[in-house]
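Chemist: Each chain, written out:
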Amino acid sequence: MARVEYDDVSKRFPTQDRPAVDHLGLDVANGEFLVLLGPSGCGKTTALRMLAGLEYPDSGDILIDGRSVVRLEPKDRDVALVFQSYALYPHMSVRDNIQYPLRVRKQLTAMERLSKVDRVADLLGIRQLLPRRPAQLSGGEQQRVALARAIVREPRVFLMDEPLSNLDAKLRTHTRTELKALQKQLGVTTIFVTHDQAEAMTMGDRIAVLDAGKLQQLGTPDNVYQRPANLFVAQFIGSPPMNIVDARRDGGALVLTGGWRVEAPRGLAGSDGIKVGLRPESIDLERAPASGAQPAEVLVSEPLGSEVIVNVKLGDALLKIRTGPDVRPDPGTPVYLRARPGGVRVFDASSGAALN
Amino acid sequence: MTTRAASRVARTAAAPRGASWIEALAVHAVFVLVVVFFLVPFLWLFTAAFDADAVAYIRFPAAPTLNNFVRIFTEHDFGRALLNSVFVAGSTMVLDVIAVALAGYSLSRLEWRFKSWITYAVLLLQTMPLSATMVPIYGLARALGLRNSYAGLILIHAAIELPFLVWLMKNFFDNVPRYLEEAAWLDGRSKLRALAEIVLPVARNGIGVVAGLAFLAAWAEVLMMIILIDSQDLKTVPLAFYETLRTQGGYTEVQYGLVAAMGVLYAVPVMALFLMTRRMMVRGLVASSRGL
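Protein chains in written order, with my numbering: chain A, 4 to 359; chain B, 9 to 300.
Don't take each hint at face value.
[Stated by the list, open to error] Some chain B residues judged to face chain A by a derived CB distance under 7 Å, without partners named:
| no. | residue |
| --- | --- |
| 1 | Glu190 |
| 2 | Asp195 |
| 3 | Gly196 |
| 4 | Pro209 |
[Claimed, not checked] Cβ pair distances, simulated, as ranges:
| no. | chain 1 | residue 1 | chain 2 | residue 2 | range |
| --- | --- | --- | --- | --- | --- |
| 5 | B | Leu91 | A | Gln139 | 41 to 47 Å |
| 6 | B | Asp182 | A | Lys173 | 51 to 57 Å |
| 7 | B | Thr127 | A | Arg21 | 26 to 32 Å |
[Unchecked claim] The calculated DSS-like cross-link candidates involving lysine-lysine, where the alpha carbons are at most 25 Å apart (straight line), are:
| no. | chain 1 | residue 1 | chain 2 | residue 2 |
| --- | --- | --- | --- | --- |
| 8 | B | Lys123 | B | Lys199 |
| 9 | A | Lys183 | A | Lys173 |
| 10 | A | Lys323 | A | Lys278 |
| 11 | A | Lys78 | B | Lys199 |
| 12 | B | Lys199 | A | Lys109 |
| 13 | A | Lys316 | A | Lys278 |
If you're looking for bench data, these hints aren't it; they were derived computationally from the structure.
Just so it is clear, the structure is predicted and the values come from calculations on it, not from any experiment.
Cβ atoms here follow ideal geometry from the backbone N, Cα and C, with glycine treated the same way.
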């Protein structure tokens, strides 16, 4: 139960020429589930390890409940970290693994420790695994034991470094849901690192998107999805990602590649060198010509069961459009596109920053 | 149907083997030669030890006897020599394991200036022939009053193997995943306790190898024993050998039976120890290679 702050934190590794974390500022509220999201090498794990005390920042400060922790040893920070590889102690039974942090603290008697281990094991459904060794467990079971070891000591903050990435796809989706429910139940401030935007969208109260060590955007999943702060976020989040096409301004309209005219969003600043972003579901696809609809040609349709992604050629750009499961135009079919009002995002072509 | 298929499989599998049986024979012949070459001295040792009139070649004793063993204990104080050797080798082992665990960990994990230089300097030390440093070691031991003392024997034997063992242990530590001790730190352990409770148990097969090699090196070393010890109370097994060879008729008439009996008692405990630790090491390796 704690508030975590990153205050202008930077870190550069000696062997690299650009900072791993570059002037990062974040404020994580008590009980919040914050996801650090970004491609590999974006600095998200380094940011997490600095909070754990496993790396030291070159500058800036990290605070837990208003008190700086950068000078504290990892053991004195009262944070628990679930490692990507789980880091279970191979020479100890599952029970000893889970009670290890309690044994270290020496506040409980052996009886209290064991009953606490049993309670946490019940919570995670791993009671029958307690006598076994980590080597005898499946990946999913090891992941639960790692989680139990973090939970049992009731730390101020949970840190999770891609804890789901070693699970198979089905188990990952399942554990995602469970983990989120568990975090809400325990109410412990959690910082969760992942490169998987679907994980970030489904689990986070807020998402901090990082690239090249810099914070690109911090916001709720909806906010980050609907109003990406720049081209990087627009293309990193969403599957398929946002369509980005070159455009120019023409009075109250934007002229996209292929000559498609869409209404410019209100309050749009700047005019030269812009790109327009359209989510796959922000484009309506019509089979008959209509006034204001842009003609285009279907390249291929990709049915996904509950939806179909129609790939459309517009000028020299390829647009991906999300439609209902019944719409499956054949390649070469002429179709007519209409941008949904409010779905048009405009970016500066050189800086990448959102302009509306 | 299935038998025909099986026989076809057997034929195709047998074909290349049949073509290269000469090759196999040659390999085995060389192998047998090597085995014989190494086994002959042992065969001599075990036959001569039980032979009252042992000679310098292999022959099976006409009337096997334990008389040689009785004589080395009664006439040559071999019990004392064995105890001294066990004590020196055992103490060297303990000292080396402690020093190597700390130094190897430091080289593997901690960050300090000139670390890579020192890591290679450590290995360079091992290339120095012992006989080249024999004279300074002798002078140093005499100046420090370490001649004719257990402390001198133990310290010098511990130091001789230290560079190689440190390097070896560093590599064992390199193979222990870093996140294991990081997890222990975050669970609330200090770095030293995390080393003792997590890193060392996970690297236990490495510790076993280091302990075995340290013991064996001190157990089998001769040169330093000769230059450091002339007290009867402190003589070790190699010195007992040397003495037995020398005093029996001034090199003219060697009592092969006594030497062989000493050799058996010198070799067998170490071989037994090796067989025991080998099983332990294999178990350790299998356990630590899974589920990390």
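Chemist: None of the hints should be skipped; say for each whether it holds.
Modeler: Now for the hints, and whether the structure bears them out:
A hinted interface residue such as B/Glu190 counts as satisfied when its beta carbon comes closer than 7 Å to some beta carbon of chain A; here the least separation is about 5 Å, so the hint holds. Hint on B/Asp195 holds. Least Cβ distance to chain A is approximately 4 Å, under the 7 Å limit. The beta carbon of B/Gly196 comes within 4 Å of a beta carbon in chain A, closer than 7 Å, and the hint placing it at the interface holds. About 5 Å separates the beta-carbon of B/Pro209 from the nearest beta-carbon of chain A, less than 7 Å, and the hint is met.
Checking the proposed 41 to 47 Å range against B/Leu91 and A/Gln139 shows it holds: the Cβ atoms sit about 45 Å from each other. At roughly 36 Å, the beta carbons of B/Asp182 and A/Lys173 sit outside the given window of 51 to 57 Å. B/Thr127 and A/Arg21 have their C-beta atoms about 29 Å apart, which keeps the hinted 26 to 32 Å range intact. With a C-alpha separation of about 19 Å, the suggested pairing of B/Lys123 with B/Lys199 holds against the 25 Å cut-off.
For the given pair, A/Lys183 sits about 16 Å from A/Lys173 by alpha-carbon distance, which is consistent with the 25 Å threshold. Using a Cα cut-off of 25 Å, the hinted pair A/Lys323 and A/Lys278 holds, with the two alpha carbons roughly 16 Å apart. As the CA atoms of A/Lys78 and B/Lys199 are separated by approximately 9 Å, the hinted pair is consistent with the 25 Å bound. The suggested pairing of B/Lys199 with A/Lys109 holds, with an alpha-carbon distance near 17 Å, which does not exceed 25 Å.
Distance check on the hinted pair: A/Lys316 and A/Lys278 sit about 17 Å apart at the alpha-carbon level, within 25 Å; holds.
In this structure, the one hint that does not hold is number 6.
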